[in-house]
Amino acid sequence: MAVQALDAARLPVDWAKLVQKLALATALFVVAYGVVPAYASGYLVEAILLPFLALSLAAVGLNLLTGYCGQLSLGSSAFMAVGAFGAYNFNLRVEGLPLAVTMILAGISAAGFGVVFGLPSLRLRGFYLAVSTLAAQFFGQWALTKFGWFSNDNPSGVISAPHLAVAGLSLDSATGRYLLSVTTVMVLTALVWRLVNSATGRNFIAVRDNETAARVIGVPVLRTKLLAFAISSFIIGIAGVLWAFTYLRTVEPAGFNLDRSFQILFIIIIGGLASIRGAFLGAAFIVVLPLFLSRLGAFLFGGLFDSGVLDMSQRIVLGALIIIFLIAEPSGLSALFDRLKRRIGSRSS
Amino acid sequence: MIGASLGAAAYERASEISAILAVANPVGDRRLARLSSRPDVVLALSGIGISFGGVKALSDVDLEVEVGEIRAVIGPNGAGKSSLINIISGLYHADRGRIAIGGQSFSRVPASRLARLGVARTFQNLALFGGLSVRNNIACGRVHTRRASFVEHIAGLPRARSEDAGIAEKTDQIVAFLHLESVADRLVATLPYGLQKRVELARALVAEPKLLLLDEPMAGLTATEKAEMAGFVRAARDRHGVTIILIEHDIGVVMGLSDRVAVLDYGRKIADGTPAEVRADPAVIRAYIGTAEGENGEDIR
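So the sequences go chain by chain: R and F. Be aware that the first sequence starts at 1, since it is given in the working numbering, and climbs by one per residue. Be aware that the second sequence starts at 1, since it is given in the working numbering, and climbs by one per residue.
Do not rely on the hints blindly, as some may be mistaken.
To be verified - Interface residues of chain R toward chain F, partial, derived using beta-carbon atoms under 7 Å:
no., residue
1, Leu-188
2, Leu-191
3, Val-196
4, Ala-199
5, Val-219
Stated by the list, open to error - Estimated spans, in silico, between C-beta atoms of each pair:
no., chain 1, residue 1, chain 2, residue 2, range
6, R, Thr-212, F, Ala-276, 44 to 50 Å
7, R, Arg-123, F, Arg-234, 40 to 46 Å
8, R, Trp-142, F, Arg-108, 38 to 44 Å
9, R, Leu-258, F, Gly-241, 56 to 62 Å
10, F, Gly-130, R, Arg-123, 52 to 58 Å
11, F, Arg-234, R, Thr-212, 24 to 30 Å
12, R, Pro-162, F, Ser-182, 54 to 60 Å
13, F, Arg-234, R, Arg-343, 45 to 51 Å
14, F, Asn-77, R, Ala-254, 23 to 29 Å
15, R, Tyr-39, F, Arg-116, 57 to 63 Å
No lab work stands behind these hints: they were computed from the structure. Predicted model, so just to flag it, every value in this text is computed and none were measured. Using N, Cα and C, we set each Cβ at its ideal position, and we do this for glycine too.
Sequences are here, hints too, so could you generate the full structure?
Below you can see the structure in the form of structure tokens.
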């Protein structure tokens, strides 16, 4: 009772802010479940929203590990692969397993894989740890190609998405897959948001900012690091399920290569480390950039700008942007966004 | 066969015992056992030695700290003060000697259990969590009392919430005690140096330690800030009853603040006693002032 009174005294409820937040949340729900399913074209959903959602979730997962807990990882793509192939096998081999359970089991498989390859973090830091997580990347891809069991003995290791349904309702249409994806992403993001604002999230930041001090005040450093690997891999694993089942529909192990790991790392660098919003901004940027470049290139150079040139120009622009962001705005798009909001706010008032 | 293996076992046993005897220091161990059984001794060091690549940073240092005292350890640069505090907090492991904390004796203090042993510390160069607010930095100081798992925190279950509420209350008390209210919700990295030092003291105090190790708490502060900090250190002892070990370079502050002073020079303890006794000790004057005054212009009187 006394504590509550104290809290109330310390934090006078800011009604204007609360109303603003509620309005934002309502708008988000209306857009996600009303406007998009009703009006978005098949192209927008299939080519932009589905990859955006899967990559955002993977970036949220990696941000937990790298942004909040300070453990650099280049194994994200392997964790996605474990999730995707795990879900495929659970669905294939266990009759009548509900989709939600399949996804959770896939996430748990990825978490287990993540913990094993997170063990070097107990001894290694920074760049050396990143190199050791490459082992996860190469091992994952190798094992999935080498052992036919994982892809149900498909000669090229390809898996196809199963029939997706929740409570008898088919989700195989573009809209259905979108709804599955957006719901999964929203639920997991909400849980991550709760986590990073809890004592556990503060332990992550403590380990990142000063490991020695964290140890001395009693943060269980080893357990915290492994927990970060587990939760992060769980989320990235489920992002892998979304990537394979809702976006691509057929994937092979080579689809989860090192390039994808780097892509997710670039998303959180450009979007903003240790920021959930940054993961979404970065993913949107990465998904939209090639489309934007191809339009711009076609407009400026016409037929000269073919897919090869597009690929090259995309790499060049992305590389330049990473360097610019690391130097000029290490907190990423998320910080730019805040600054913009403040400037508009100060101008209007 | 059996005889041979028995013989081998006996030989191993004998060599183990002789190895122990070679390292053991019976006189020091008895002294430590006597000291650590006394309830008024919070910390006792016995025959502590450590070297780094052939350089002896500390050799044969004894120290005992009684409940409720402010115990200063001073000495010129490189005298081994920071090594001593790092050994007590388990960040370094002594090559020789034992450490008794609250009746438990260690040759290597487990740093990860330090908070639960009732020991908190600050660092010479700030060791705060730059990405957290002042309040959250301080709240981290009670992390060793938490039991709720991350699932309980995400789900907001009763145990997690009552822990949070309890820690928030303790944090508020310390924030008020150290006059940090006006900056409590700012990111700690945005504060000036003097305030960051104070936040570090707050993070250590919120743990309600029996023993507080302060590694140069005044270093880099202005004269006003030093006086303030000295006031806080004294108040922490007077109001919270915490025993304090103070490593300090600034002798003026130490003499006014501490109950007993130990002086280190070249890794050896050359004097130990009340400020008045130490001030008059010819060895201290020779070793400490002779060098320190020449280099830094500091005055012991």
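For each hint, the structure was consulted:
no., hint, in the structure
1, Leu-188, "11 Å, violated"
2, Leu-191, "6 Å, holds"
3, Val-196, "10 Å, violated"
4, Ala-199, "6 Å, holds"
5, Val-219, "5 Å, holds"
6, R/Thr-212 x F/Ala-276: 44 to 50 Å, "37 Å, violated"
7, R/Arg-123 x F/Arg-234: 40 to 46 Å, "42 Å, holds"
8, R/Trp-142 x F/Arg-108: 38 to 44 Å, "41 Å, holds"
9, R/Leu-258 x F/Gly-241: 56 to 62 Å, "58 Å, holds"
10, F/Gly-130 x R/Arg-123: 52 to 58 Å, "24 Å, violated"
11, F/Arg-234 x R/Thr-212: 24 to 30 Å, "28 Å, holds"
12, R/Pro-162 x F/Ser-182: 54 to 60 Å, "59 Å, holds"
13, F/Arg-234 x R/Arg-343: 45 to 51 Å, "47 Å, holds"
14, F/Asn-77 x R/Ala-254: 23 to 29 Å, "59 Å, violated"
15, R/Tyr-39 x F/Arg-116: 57 to 63 Å, "58 Å, holds"
Violated hints, listed in ascending order, are 1, 3, 6, 10 and 14; each of the other numbered hints is respected by the structure.
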